[in-house]
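*Asks:* If you want the building blocks of each chain, they are given just below.
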Amino acid sequence: MKNRITTLFDSKKKDILSVFYTAGFPKLEDTVSIASHLERAGADIIEIGIPFSDPVADGPTIQASNKVALDNGMTVKKLLAQVKEIRKTVKLPIILMGYLNPVMQYGVEKFVEDAAAAGVDGLILPDMPVYEFEELYKDVFRKHNMCNTFLISPTTSDDRIRRIDGMTEGFIYAVSASSTTGAKKDFSEEQVSYFQKLSALKLKNPILIGFGISDQATFSKASSYGAGAIVGSAFITRLSSSKDLSADISTFVKSLKGK
Amino acid sequence: MKYEVDHRGYYGQFGGAYIPEMLYPNVEELRNNYLNIITDESFQKAFHQLLKDYVGRPTPLFFANRLSEKYKAKIYLKREDLCHTGAHKVNNTIGQILLAQRLGKKKIIAETGAGQHGVATATVCALMGMECVVYMGQVDMERQRPNVERMRILGAKVVPATSGNMTLKDATNEAMRHWINNPSDTHYIIGSVVGPHPYPDMVARFQSVISDEMRKQLTETIGNPFPDYVFACVGGGSNAAGAFYHYLDSEHVNLVGVEAAGKGVSSGESAATTALGKPGVLHGSKTLLMQTEDGQVVEPYSISAGLDYPGIGPIHAHLFDTGRVKFVSATDDEAMNAGIELSRLEGIIPAIESAHAVAVLNQFEFDPDDVVVINLSGRGDKDLETYIRWGKY
Numbered sequence: 000m001k002n003r004i005t006t007l008f009d010s011k012k013k014d015i016l017s018v019f020y021t022a023g024f025p026k027l028e029d030t031v032s033i034a035s036h037l038e039r040a041g042a043d044i045i046e047i048g049i050p051f052s053d054p055v056a057d058g059p060t061i062q063a064s065n066k067v068a069l070d071n072g073m074t075v076k077k078l079l080a081q082v083k084e085i086r087k088t089v090k091l092p093i094i095l096m097g098y099l100n101p102v103m104q105y106g107v108e109k110f111v112e113d114a115a116a117a118g119v120d121g122l123i124l125p126d127m128p129v130y131e132f133e134e135l136y137k138d139v140f141r142k143h144n145m146c147n148t149f150l151i152s153p154t155t156s157d158d159r160i161r162r163i164d165g166m167t168e169g170f171i172y173a174v175s176a177s178s179t180t181g182a183k184k185d186f187s188e189e190q191v192s193y194f195q196k197l198s199a200l201k202l203k204n205p206i207l208i209g210f211g212i213s214d215q216a217t218f219s220k221a222s223s224y225g226a227g228a229i230v231g232s233a234f235i236t237r238l239s240s241s242k243d244l245s246a247d248i249s250t251f252v253k254s255l256k257g258k
Numbered sequence: 000m001k002y003e004v005d006h007r008g009y010y011g012q013f014g015g016a017y018i019p020e021m022l023y024p025n026v027e028e029l030r031n032n033y034l035n036i037i038t039d040e041s042f043q044k045a046f047h048q049l050l051k052d053y054v055g056r057p058t059p060l061f062f063a064n065r066l067s068e069k070y071k072a073k074i075y076l077k078r079e080d081l082c083h084t085g086a087h088k089v090n091n092t093i094g095q096i097l098l099a100q101r102l103g104k105k106k107i108i109a110e111t112g113a114g115q116h117g118v119a120t121a122t123v124c125a126l127m128g129m130e131c132v133v134y135m136g137q138v139d140m141e142r143q144r145p146n147v148e149r150m151r152i153l154g155a156k157v158v159p160a161t162s163g164n165m166t167l168k169d170a171t172n173e174a175m176r177h178w179i180n181n182p183s184d185t186h187y188i189i190g191s192v193v194g195p196h197p198y199p200d201m202v203a204r205f206q207s208v209i210s211d212e213m214r215k216q217l218t219e220t221i222g223n224p225f226p227d228y229v230f231a232c233v234g235g236g237s238n239a240a241g242a243f244y245h246y247l248d249s250e251h252v253n254l255v256g257v258e259a260a261g262k263g264v265s266s267g268e269s270a271a272t273t274a275l276g277k278p279g280v281l282h283g284s285k286t287l288l289m290q291t292e293d294g295q296v297v298e299p300y301s302i303s304a305g306l307d308y309p310g311i312g313p314i315h316a317h318l319f320d321t322g323r324v325k326f327v328s329a330t331d332d333e334a335m336n337a338g339i340e341l342s343r344l345e346g347i348i349p350a351i352e353s354a355h356a357v358a359v360l361n362q363f364e365f366d367p368d369d370v371v372v373i374n375l376s377g378r379g380d381k382d383l384e385t386y387i388r389w390g391k392y
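Here the protein sequences come in this chain order: P and D.
Position 61, counted from 1, in the first sequence is what numbering that gives the first Met the number 0 calls 60; the numbers after and before it change by one each time, with no gaps.
Position 352, counted from 1, in the second sequence is what numbering that gives the first Met the number 0 calls 351; the numbers after and before it change by one each time, with no gaps.
Wrong hints could be hidden among the right ones.
Unchecked claim - Think about it this way: if two alpha-carbon atoms lie no more than 20 Å apart in a straight line, the pair counts; the simulated EDC-like pairs of lysine to aspartate or glutamate are: (1) Lys109(P) <-> Glu131(P); (2) Lys109(P) <-> Asp293(D); (3) Lys77(P) <-> Asp211(D); (4) Lys76(P) <-> Glu345(D); (5) Lys66(P) <-> Asp293(D).
Read the hints as simulated data drawn from the structure, not as lab findings.
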């Protein structure tokens, strides 16, 4: 079977919306229903965070959701079972994103294998060194048809961007600013010129822009420079106060897409 | 050197730089420059001048007569507690602030547990006229109040870390987040031999002045540079790294790291990482880490805020793995008793961290001629309240 991420990027070049949420948040079993609500609402990619006790790259919103999820009893094993459940109905590409340690304790090779079997299409492990992926794990990702995504940031050199591009299958995650995760109001001129530089690099992989995407204005601006954008903290904030996940997710996705 | 970091920042299987991309350029800048800068002659001159005139080095190597009588060995105390600011931490902050200046950085951030590293950082920032922000767990701010005020008097901003257990691990998370958000003009002074490469190596090099002096002082007093034993407490492990550094290749010197067993290694309230940890990744390096089966970091516990950390520096994980350093532990009670004992026998009130190193002497059978050096990493002034609460004196 073809990987759902590469299939998506083959057919859709613009305005791809990837939505991130933390597994096991707000309630342990919400991981499954949020995914199907997102598909119905019109999201393009589902990105599920593996909660970790020490999320150093995350701002307060995602930190808090990690803590709630862990207090709810979320584990890597439970998450993989939930993905199987999601896959009974959901056709969208699914990406798992998390810090390396929980994956390492599970066993990276075994994790890739089991995640692929559960229906996961891609992994983002932001604190896995590029050389470690290249030397130890590239083959196992390939064997299981698993996309891998690295992050790049405004301070990443062009050479390194090209190296990362060469190793990536799927897409590149461009962090919009040197910052931890979190919703912002608008992009600065500096950020816009960074986006312009990225699109001028003509990388082989499409780019999704993340960090600081919170509404229709930031989503469409980010999408105009890449293949689309990733929204996380703003969505989690919405989930935290939601009394009706189905309705709120539908409204949220429509408000981002502006239709 | 056999136990030196390799060119990619590993000690055996431990170390490396496991960091999100947003930190990569900062860490890479350090990695590319730190050796050139710190081995430069003018740097070394400035560093050693400040260690001498400002810190008060060399610190004495004191023969502890009554302690020696009690434990039937020749016990010497390496008096890091006499350093300016009250602990060995300042050796590293002097080195790092000189490095930060040479990298053109304008602002300094740091994490702190007991507050000793925070004070040492605030001190050198005042000395050099640099802006200083120190992250400290809210719980630690309460149990180490005097150090919080010392930092503020020195002009630092102390920011409480309110996530997790609100201790050292959480303060480190917050400092890393600050660095991610302020990548260009800020240097992060990590206080121990933890963090992504090159921090563990860099901090070990700055602290290695401890064992360098020990060699010279022992040569003067006993005629050769080698003790039979070196004892040091290990939280992250900076004072131990410094005390062991120049003896690592001298395999006949027994090196002993003392971890905090808290209420007992198996009590569930402990910080004895080598006993309880498995290889994992935290704060940028692969090391031994106290964690659940699912890879969540376990909240450690020790009466001593400076040892209250769920990992150890990757160099120590490797020294444990290879058996080069023997790791033992002392409980809260044992450490407190040892602190009182040292006070009564030698007139030295040690930091509770350092008291852990004294507390394990009875676990060893020394020959009367054995030369034993205890690295007394800090003084007990900051712990007065804990001693008072303990009360058994």
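*Asks:* Does each hint fit the structure? Answer for all of them.
*Replies:* Evaluated hints:
1. Lys109(P) <-> Glu131(P): It holds: about 16 Å lies between the C-alpha atoms, which stays within 20 Å.
2. Lys109(P) <-> Asp293(D): holds, 14 Å
3. Lys77(P) <-> Asp211(D): Measuring from Cα to Cα gives roughly 52 Å; hence the hint is violated.
4. Lys76(P) <-> Glu345(D): Violated, at about 55 Å.
5. Lys66(P) <-> Asp293(D): With a Cα-Cα distance of about 14 Å, the restraint between Lys66(P) and Asp293(D) holds, given a limit of 20 Å.
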